Structure formats: structure tokens, C-alpha cells
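Protein chains in written order, with the working numbering: chain A, 1 to 266; chain B, 267 to 674.
Simulated from the structure, these hints should not be mistaken for laboratory data. Each hint should be verified, as a subset may be incorrect.
[Said to hold, decoys possible] Below, computed lysine-lysine pairings styled on DSS-like, alpha-carbon distance capped at 25 Å:
#: 1; chain 1: B; residue 1: Lys331; chain 2: A; residue 2: Lys124
#: 2; chain 1: B; residue 1: Lys664; chain 2: B; residue 2: Lys518
#: 3; chain 1: B; residue 1: Lys594; chain 2: B; residue 2: Lys461
#: 4; chain 1: A; residue 1: Lys124; chain 2: B; residue 2: Lys611
#: 5; chain 1: B; residue 1: Lys646; chain 2: A; residue 2: Lys75
#: 6; chain 1: A; residue 1: Lys262; chain 2: A; residue 2: Lys75
#: 7; chain 1: B; residue 1: Lys283; chain 2: B; residue 2: Lys363
#: 8; chain 1: B; residue 1: Lys522; chain 2: A; residue 2: Lys75
#: 9; chain 1: A; residue 1: Lys71; chain 2: B; residue 2: Lys646
#: 10; chain 1: B; residue 1: Lys664; chain 2: A; residue 2: Lys203
#: 11; chain 1: B; residue 1: Lys330; chain 2: B; residue 2: Lys283
#: 12; chain 1: A; residue 1: Lys262; chain 2: B; residue 2: Lys522
#: 13; chain 1: B; residue 1: Lys278; chain 2: B; residue 2: Lys541
#: 14; chain 1: A; residue 1: Lys124; chain 2: B; residue 2: Lys330
#: 15; chain 1: B; residue 1: Lys440; chain 2: B; residue 2: Lys294
#: 16; chain 1: A; residue 1: Lys71; chain 2: A; residue 2: Lys45
#: 17; chain 1: B; residue 1: Lys664; chain 2: A; residue 2: Lys75
#: 18; chain 1: B; residue 1: Lys518; chain 2: A; residue 2: Lys75
#: 19; chain 1: A; residue 1: Lys124; chain 2: B; residue 2: Lys646
#: 20; chain 1: B; residue 1: Lys447; chain 2: B; residue 2: Lys431
#: 21; chain 1: A; residue 1: Lys124; chain 2: B; residue 2: Lys610
#: 22; chain 1: A; residue 1: Lys262; chain 2: B; residue 2: Lys664
#: 23; chain 1: A; residue 1: Lys231; chain 2: A; residue 2: Lys203
#: 24; chain 1: B; residue 1: Lys541; chain 2: A; residue 2: Lys71
#: 25; chain 1: B; residue 1: Lys610; chain 2: A; residue 2: Lys203
#: 26; chain 1: B; residue 1: Lys664; chain 2: A; residue 2: Lys258
#: 27; chain 1: B; residue 1: Lys331; chain 2: B; residue 2: Lys646
#: 28; chain 1: B; residue 1: Lys541; chain 2: A; residue 2: Lys124
#: 29; chain 1: B; residue 1: Lys388; chain 2: B; residue 2: Lys431
#: 30; chain 1: A; residue 1: Lys258; chain 2: B; residue 2: Lys522
#: 31; chain 1: B; residue 1: Lys292; chain 2: B; residue 2: Lys439
#: 32; chain 1: B; residue 1: Lys439; chain 2: B; residue 2: Lys423
#: 33; chain 1: B; residue 1: Lys461; chain 2: B; residue 2: Lys447
#: 34; chain 1: B; residue 1: Lys611; chain 2: A; residue 2: Lys203
#: 35; chain 1: B; residue 1: Lys541; chain 2: A; residue 2: Lys75
Just so we're clear, the structure is a prediction, and the values are computed from it rather than from any experiment.
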Amino acid sequence: MYTLGIDIGSTSSKAVIMRDGKTIVRKVLVTVGTGTSGPAQLIEKLFEDQEIQLSDIQKTIVTGYGRTSFKEADKQISELSCHARGVHFLFPSARTVIDIGGQDAKALKLNSRGMLLNFSMNDKCAAGTGRFLDVMARVLETNIEDMGSLSEQAQAAATISSVCTVFAESEVISHLSKGTGTANIIAGIHRSVAQRVSMLAVKLGIENDVVMTGGVAQNSGVVKAMEEAIKTRIKVSDYPQYTGAIGAAIYAFDEAEKEMTKRCSL
Amino acid sequence: MTDEKKASEMIKELMDKHYEDALEAKKKGELVGWAASNFPQELAECMDLALVYPENHAAAVSAKKASLPFLEYAEGQGYSTDICSYARINLAFKDIKECEALQIPMPDYLLCANNICDLMVKWYENLAVELNIPLFMLDIPYNTEPAVTPARLEYIKEQFRMIIKQLEDFTGKKFSEERFKEVMEISSASGRAWKRAMSTLMATPSPMNGFEMFTYMGILVCNKGRKETTVALNKLADELEERVKNGETSYKAEEKHRILSEGIACWPFLGHNMKTLMQYGINVVGAIYCDAFAKVYSNLDEMAIAYAEVPNCVNLEREVASRVKIIKDHNVEGMLIHSNRSCKKWDGFMYEMERRIAQETGIATAYFDGDQSDPRLFSKAQYETRIQSFYEVMEQKKAAAAAGEGTR
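Chain A extracted, bound-state conformation (with noise of 0.2 Å):
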């Protein structure tokens, strides 16, 4: 049985097919996010080999900040609870998630059944964002893609203090004019990234295994940063965006199989 779970961010729109809520057979993103073109190039790109058709899917479930514009679901589930789920699946032992998405930031805490407890979620600050690192590439003229390469090139991380996204970039640009290196000033970067969003899981009580896991969580500077302020080992997939979609994909099998129970037993 082929599932789908759909997670559309504010800057990106991730799917990904799963076969009886077990396999990964399929997963797609978009660099563009709810509001554009995102969920509609999704589902073309995700059938465009037409080895699966769209009629093989039995069950979609979306999440995700745009979840609510994506009327073609069955279902939406919010995106906290599709993390913890898609984390589950692929880190069994994860007890502490940290999610740092495009505009949102959240620490969530599981159980051993990988049941949501509790959660905790940035304010209505964009700082320590996935949007906050943008900002800050293009004002150091860097890939965002390189800047947890960079960063591992820093001698001493430059102090970046404000937690504003405007004013941390005022000081980025006070250090670029003083002559500080770019892989100081990015190392600088993502320790004040890491400084802000640990406290949100400090906040619910570190408990191992801890997991990074949306689109910054593929910056190793982060991560490494992520693991200073809270002094813990964090383990990162290799397709960290997708874990809301594949979610959202086992949350779609446990529906279809309750409706296949439920029609057998009629």
C-alpha cells in the first residue's frame, strides 16, 4: 500500500511516498514554500516518472505551516506531531528532538513510542531560523549551502550577541568591515543560532538520543554548535527536510489500515 505525506514549510514543500508505512520509495522538494508554485510542482515532480500513479495512493495526509491551503489531503496533522513520528521511524531511540525550519524553531520531547509529550516553540522572533542563516549568507556573499564547511575553518568564533536577525546582521557587517574571517564570523553565526534554539529544548529537559532535524539541521556548523551549548551528542539523518513528509506518510498508513480494518469487520 502506497501512502503519501506532505509537508509543506514558509520556504519549502517536501513529499515523500511510502510503501505499508515501512519503505521510503519516493521523496521530493521544492525550494519554494506555501503561497507559490511549491505544492503544485511537488505533486508533478512526484508522479512525473509515472512509475507510481497518483491513483496507486491510498491515503495523503499534509503538514506543515501550509497545510491548510493543500485542500487535495485527506487529512492534516500538525507538523510537531509528523515530526515526532517521522523521527521515530527513523531514530527509534530519540527521546529529544530540535527542528529548526525556515521562519520556526521547536524542541520536541518523545517517549520510547515515539508519542509526542511536549513541546516548545520559538516566539514570534525569526531569529535562529533557517531565514536568519539566508540573511546572514547573503550578507557574506556565501553559498548557504558552504557555510558549515566555512565554519569549520574558524580559528576563534566571532561574537554575534543580538538575537535580532537585523541587528546581528549590522554586527556581521561590523566584523566584515573590521577584517574579521568569514569562517570566524559564520562559526559566530551558528553558535548564536545554537545559543538561542538549545534553550528551547533546555527548556524541556535534555534526554538522549537527541536529534536534529529540518533543513539547517544539513549544516554541520549548526549541529556542531547545536552540541556545544548542550553538551550532547546529536545525531542527524541523511535526508533530515523530509522527516515531517515521512511523518505525515506513516500517519496516512495508520489511517488507510483503521479504514480497511473497519471495512473488513462491516
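For this one, chain A is given, so just place chain B on it according to the hints.
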């Protein structure tokens, strides 16, 4: 036929009348005061002095979505956006003097108490200086100890005596012990009626949509020393008890989850917040206003203690205990916390209070960011995401409990 009116209509009429009476008093040349919501209004009521409560006014203006021009004006005058939005609205109204959403008369004197808020002192000092009117100040110390100490009690009572003298001198009216006793009795009767009404929320399903509480409680702020208030609140309690008896409720959805609402309401988005919660079958069945807001006393000592033991004026242990009691009595499954930019005092202890409550009771908790009056500080999408997640955590906890699995 007053008897046939519903309690909600009676309360609304009384609130309207409260503002009309104050405007009328001003027109007739009587002295009108502005008072802090937790100032012992009994002192003014027994001297028949008209009062208006800027906090209540600001909340009403915000609920009518009319707060923004006042906030922007105040900021233009140099008041920081970090300052309480009730204060900013009122300090702006002081200059603008007109409010289409809800008009109030300008004050001739001010009654301030710092039991629930410290910022209020500076707010009222500014009003006093800029309007050149007297400020009668009641200083109520924070209770670090588990109860009001005898020395503090004496300090507060001595100030009551001083304020009575100041009001007599300023208004030319005479304070009457007999009338004071009568007002105390009426206020206490209103308090008892409120507690009786709110205790019906312990029933499952709760007989009302909890958001109604936020509109009803204004009458306790503005009018508790009047007999009509006691009548209206007793009517409310009767109606709610009747609904409980018949298994009826004004909550227009299936009550799937029962929650405690923590913090001041997000007035500019009250309707949105209510609808979002209703979408998930989440009903507010408790708030700190249920119990601690109504003051019941029979003499001056007890009245002084009642005003000294209001929420925000007692230590963390008592703040936790009062919520835990509501959670247990009202069969609450979750606590939804408004991280309210305006109220530093309340927000200041909220995080530790939430940690202790969650530890003690095991209920789900969730925060949302917003403000009691500033619409610029709230995001509908963020609220909706948090509520959906909050709902899912409560659902999972319920399912785990039903399966006997626990949450570990």
C-alpha cells in the same frame, strides 16, 4: 420584567450602565475617578464616587479592535512598545480624550494600587502630573511569605484610613462606617455568587464556553459593590446550575478537551482564539479568575488581606497551588499559556510556574505569543499551529491513558 432577562443580558446592561453613569456623573459636574482594577473600590463606592477602570476600558477597546491608533499615538509620545499596552492606550486616551469604541469621562482624581502590577505606579504618576490631578496611592507589598504578615496588614489598613481621609478632604463627602459595612457585604455577596457560578465549570461537560468568563468578569472589576451585580451574578450561577442539571451547555462543539487558560486574554483576537479552540473541541473550563478574582470578606482586616492576596502579589508556591487546585477540581487536561508581552510581572513567573504545574499534575502545556491589547504582536498562523499540536498532545495522552500505557 428584569427577572426574565438572561444573566448575560443583565451583565451587559450593567456594564453599559457603568460607563453611562460615569459619563453622566461627569456631565453633572460630579468628581470622577480613574482606578486600578484591584484598588479596593469599596472605599469609593461607600462615598458614592463614580469610578472608571482604565484597564477594563483598554481591554474593551482592544476587543472592539480599536486599540492600534492609541498605541501608535502613545509610541509617538515616546512611550516604549515594551510598556504595558493597557497603559499605552490609556496614556494616549489622556491626550486624545475621544474614543468612538467606548467613551469614558476624564478623571478628576486617581486611585492606584500596586498589588497586581508595578508599572501601574509610573502610569498613574504620569497621569497625575500631566492632568494635574491628585493621585491616591495604595502600596501593597508583595507576599514572599505564605500569608500576609501582621505588620503588613497594619500597614495596609493604615493606608486605607489615610485614603479615606484624603478622599473626604478632596471630595467633601463623608465616609460612613455603616455604609462601608453594607458595601463590603454586597461586594462579598457578589464574590460568592461569582464563585458559585464558576464552580459549575467543574461539571463535564462544562455548562458554558469558557470565553464567556472573560466578558462576565468585567462586572466584578467595575461594579462589585452594587446590589444589581450580586443579582446578575446569582442569576448567572442559577442558569449555569440549571444547565448542569440538564446536561446542557452554551459551548457549541463537543467538549473533547478541558483546559485552563493562563494569562490575560488576547483581547484583539478573542473571537479567533475561541473559534480555533472550538475547532478542536477544546473548552476553557478554568482560569485564575474563577476563584482568586472574587473577594469574600466580612471586616476590614479580611478585606485588606483579600486585596493583598490577589494573583501576582503572592509567592510562587501559592500561585502554583491555586492553579493546581483548579486543575484538579475542574478536571483539566491542559494549560494554554498566553505569553503576553505586556505583562512582565505575570510572564516573569509563568515559565517556572508552568514547569512546576506540569510536574505536579502531568497535564499538557502550550504557550502562544501575543499581547492583551497590541494586535501587532500576535500571529494567527503561529497560534493555530500551537493549538493543533496542543490538541494532538492531549489526544495522545488521553489515548495512552485509556490504553493504560502511561506516557513514559
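Hint check results:
no. : hint                 : verdict
1   : B:Lys331 to A:Lys124 : 20 Å, holds
2   : B:Lys664 to B:Lys518 : 22 Å, holds
3   : B:Lys594 to B:Lys461 : 16 Å, holds
4   : A:Lys124 to B:Lys611 : 20 Å, holds
5   : B:Lys646 to A:Lys75  : 20 Å, holds
6   : A:Lys262 to A:Lys75  : 18 Å, holds
7   : B:Lys283 to B:Lys363 : 20 Å, holds
8   : B:Lys522 to A:Lys75  : 19 Å, holds
9   : A:Lys71 to B:Lys646  : 19 Å, holds
10  : B:Lys664 to A:Lys203 : 24 Å, holds
11  : B:Lys330 to B:Lys283 : 18 Å, holds
12  : A:Lys262 to B:Lys522 : 23 Å, holds
13  : B:Lys278 to B:Lys541 : 22 Å, holds
14  : A:Lys124 to B:Lys330 : 23 Å, holds
15  : B:Lys440 to B:Lys294 : 20 Å, holds
16  : A:Lys71 to A:Lys45   : 18 Å, holds
17  : B:Lys664 to A:Lys75  : 21 Å, holds
18  : B:Lys518 to A:Lys75  : 23 Å, holds
19  : A:Lys124 to B:Lys646 : 11 Å, holds
20  : B:Lys447 to B:Lys431 : 17 Å, holds
21  : A:Lys124 to B:Lys610 : 17 Å, holds
22  : A:Lys262 to B:Lys664 : 22 Å, holds
23  : A:Lys231 to A:Lys203 : 15 Å, holds
24  : B:Lys541 to A:Lys71  : 20 Å, holds
25  : B:Lys610 to A:Lys203 : 19 Å, holds
26  : B:Lys664 to A:Lys258 : 19 Å, holds
27  : B:Lys331 to B:Lys646 : 15 Å, holds
28  : B:Lys541 to A:Lys124 : 21 Å, holds
29  : B:Lys388 to B:Lys431 : 23 Å, holds
30  : A:Lys258 to B:Lys522 : 21 Å, holds
31  : B:Lys292 to B:Lys439 : 16 Å, holds
32  : B:Lys439 to B:Lys423 : 20 Å, holds
33  : B:Lys461 to B:Lys447 : 21 Å, holds
34  : B:Lys611 to A:Lys203 : 20 Å, holds
35  : B:Lys541 to A:Lys75  : 19 Å, holds
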